[in-house]
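**Student:** Residue numbers (this note's numbering), protein chains in the order written: chain D, 20 to 164; chain F, 262 to 571.
These are calculated hints, taken from the structure and not from any lab test.
Just so you know, even glycine gets a beta-carbon here, dropped at the ideal spot from N, CA and C.
Be a bit skeptical, because a hint or two may be false.
[To be verified] Anything over 12 Å on all C-beta distances counts as not near chain F; from chain D, calculated: (1) E59; (2) G61; (3) L66; (4) E68; (5) E96; (6) E104; (7) V122; (8) D125; (9) I138; (10) D150.
[What the hints assert, rightly or not] Derived CB-CB ranges, DEER-like: (11) Q457(F) <-> V46(D): 15 to 25 Å; (12) D70(D) <-> E445(F): 54 to 64 Å; (13) D479(F) <-> N39(D): 28 to 38 Å; (14) H85(D) <-> D479(F): 46 to 56 Å; (15) E76(D) <-> D351(F): 34 to 44 Å; (16) E352(F) <-> E24(D): 30 to 40 Å.
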Amino acid sequence: MTEAELASNDWWEEYKAVVNQDDEMHVRGHDTFDENFYVEIGDERFLIEMDEGTVDEIVSDPGMNHAWSFGVEGDREAWEEFVQEVPPAFNHEVIASHYRTAVKDDPGHLQLTGNNKKIFQNLRAFQRALDLMRTTHNDGVNSDE
Amino acid sequence: MSEHEHGDIEEIDGQYVHVDVDGVDHRIYFEESGPEDGKPLLLQHTAGCNNQEWRHVLADDEITEDYRVIAYDLPFHGKSVPPTSEVWWDEDYTLTAERFAETIVSIADALDLEDPIYMGSSMGGNITLELGDWYPDRFRALIGLETGAHSPGFYIDWLDHAHVNTTEVNAYSCWGLMATQSPEPARRETMYLYEQGATGVFKGDLYYYSVDHDYRDDLDQVDAEECPLYVVNGEYDYLTDPEMGREVADGVGDGATAVETADIGHFPMSENPELFNAYLKEILADIEGDREEPLPDVLSGEDVGVDVSR
């Protein structure tokens with residue numbers, strides 16, 4: 020397990036390196052995944068700025084000068100579950116989590132926000148980008164792989 | 262997953278059978294394994310997919326020793342092309358409960374199956390309620406994998422949209438339905454099978470799955486005393502979770518058994534074949550009356566001798 024705390028500066032630097040070296044992101048991103056998205060962990064929001072399937076920059080607390088297409092929100096406990104090497108049921112993938120929130124009204128899970136069309140146009144690459152948070156958190160070990 | 266040597270040929274036969282469904286001829290592809298006079302076990306795939314999901318049940322020597330295992334492709338799925346006598350291309354493909362149940366029974370009739378055990382997952386699990394309500398005398402037992410009385414929320418326009426790569430999206434919208442600890446090659450293959458569906462068919466199946474199927478007030482109409490019903494839902498199935506399975510069995514009453522399967526999700530037969538086949542043998546043993554104890558509320562890898570690393 021990485022020694023850096025989830026969503027610390029060092030953690031995000033490692034995350035950027037993991038995404039940008041990921042072969043599947045290169046294949047599934049098709050060099051066209053350009054939609055910026057944010058990750059909200061409790062009260063903290065981080066904007067992931069994408070450039071042709073790679074992470075260009077990660078911005079803490081983005082404001083009016085920034086733009087994004089969609090995001091994922093959840094409390095810190097939900098994200099801590101999501102990044103476990105073997106996550107518990109229903110916080111193990113973003114669509115799973117969102118379904119529990121949106122359809123089941125089941126609290127404690129991640130929720131998608133933003134432009135649904137752009138989410139589905141980029142689903143696999145976006146999903147892979149989130150899965151790589153688990154890889155980052157476990158020093159390259161991911162039950163998803 | 263089993264290992265093979267160069268030149269191995271699997272003992273699975275593929276054929277076509279012509280099936281009359283509501284007066285229309287359908288050329289239905291099916292694969293089978295096991296003795297011709299074995300007890301028939303009829304397998305229904307999930308929405309938008311095809312019979313390849315069942316290849317590890319068809320290849321299990323212990324199961325095919327006693328059972329004639331048959332996995333078919335529904336019309337419009339896999340190798341079962343649309344009916345040639347119909348103009349099907351000027352309307353959306355939409356599956357209803359009546360059409361789905363009638364098709365399954367018609368396939369069993371066309372293959373002249375006597376007292377088959379029916380098993381299906383997801384929409385194939387949900388339809389066990391209609392089969393147990395409308396056709397309880399046609400089957401020896403029903404095994405509903407990932408069954409719910411009502412499973413809303415998946416009849417989504419983006420799954421059949423000109424601005425979306427639906428080949429990829431139809432598959433990966435299902436990615437989280439599997440347990441992350443299921444073997445990656447099996448989960449990747451499950452998604453690969455999903456990427457083979459024809460345009461609009463997944464969404465059309467989901468009309469049945471998320472809209473037309475609603476047994477919340479009708480569970481007592483399912484006759485599980487005449488035809489035993491097994492409701493088997495995986496721990497990681499966020500759509501039809503094990504609690505929903507228990508609610509179905511409670512609502513149906515006598516003859517219905519709920520079993521939670523640990524460490525597995527919504528596509529058990531293809532996402533973790535070793536674990537699922539071990540679970541399935543316990544359920545088949547219960548149907549045959551070969552178990553001394555009732556099935557437990559939760560079946561785990563430890564119960565069936567499969568190491569599940571967590």
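**Student:** Look at each hint and say if it fits the structure.
**Tutor:** Here's how the hints hold up against the structure:
{"no.": "1", "hint": "E59", "result": "19 Å, holds"}
{"no.": "2", "hint": "G61", "result": "22 Å, holds"}
{"no.": "3", "hint": "L66", "result": "23 Å, holds"}
{"no.": "4", "hint": "E68", "result": "23 Å, holds"}
{"no.": "5", "hint": "E96", "result": "18 Å, holds"}
{"no.": "6", "hint": "E104", "result": "9 Å, violated"}
{"no.": "7", "hint": "V122", "result": "4 Å, violated"}
{"no.": "8", "hint": "D125", "result": "9 Å, violated"}
{"no.": "9", "hint": "I138", "result": "8 Å, violated"}
{"no.": "10", "hint": "D150", "result": "9 Å, violated"}
{"no.": "11", "hint": "Q457(F) <-> V46(D): 15 to 25 Å", "result": "18 Å, holds"}
{"no.": "12", "hint": "D70(D) <-> E445(F): 54 to 64 Å", "result": "28 Å, violated"}
{"no.": "13", "hint": "D479(F) <-> N39(D): 28 to 38 Å", "result": "53 Å, violated"}
{"no.": "14", "hint": "H85(D) <-> D479(F): 46 to 56 Å", "result": "51 Å, holds"}
{"no.": "15", "hint": "E76(D) <-> D351(F): 34 to 44 Å", "result": "49 Å, violated"}
{"no.": "16", "hint": "E352(F) <-> E24(D): 30 to 40 Å", "result": "55 Å, violated"}
Violated hints, listed in ascending order, are 6, 7, 8, 9, 10, 12, 13, 15, 16; each of the other numbered hints is respected by the structure.
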